[in-house]
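A.B. asks: Sequence:
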Amino acid sequence: MKTATAPLPPLRSVKVLDQLRERIRYLHYSLRTEQAYVNWVRAFI
Numbered sequence: 001m002k003t004a005t006a007p008l009p010p011l012r013s014v015k016v017l018d019q020l021r022e023r024i025r026y027l028h029y030s031l032r033t034e035q036a037y038v039n040w041v042r043a044f045i
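Counting in UniProt numbering, the sequence shown runs from 1 upward without gaps.
Do not take every clue at face value.
Unchecked claim - Cβ pair distances, simulated, as ranges:
hint, residue 1, residue 2, range
1, ALA43, ALA6, 30 to 38 Å
2, ALA43, PRO7, 27 to 35 Å
3, LEU8, VAL38, 17 to 25 Å
4, GLN35, ARG12, 17 to 25 Å
Hints in this document: simulated from the structure, not taken from any laboratory.
Cβ coordinates follow ideal geometry from the N, Cα and C atoms, glycine included.
Using the sequences plus the hints, can you model the full thing?
C.D. replies: Written out as structure tokens, the structure reads:
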């Protein structure tokens with residue numbers, strides 16, 4: 001069975017890390033999770 005999900009809203013920013021932060025905040029992740037993900041992405045780009 002397929003579950004319907006609402007489409008994500010369009011991103012406002014053009015910078016990759018800002019887009020990442022937007023999505024994480026939209027998904028209601030914790031601040032520490034946001035920081036960890038941003039630091040991980042910084043290390044690999």
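A.B. asks: Against each hint, give a clear statement of whether it holds in the structure.
C.D. replies: Taking the hints in turn, this is what the structure says about them:
no. : hint                      : in the structure
1   : ALA43 / ALA6: 30 to 38 Å  : holds (32 Å)
2   : ALA43 / PRO7: 27 to 35 Å  : holds (30 Å)
3   : LEU8 / VAL38: 17 to 25 Å  : holds (18 Å)
4   : GLN35 / ARG12: 17 to 25 Å : holds (20 Å)
The structure is consistent with each of the numbered hints, conforming to all of them.
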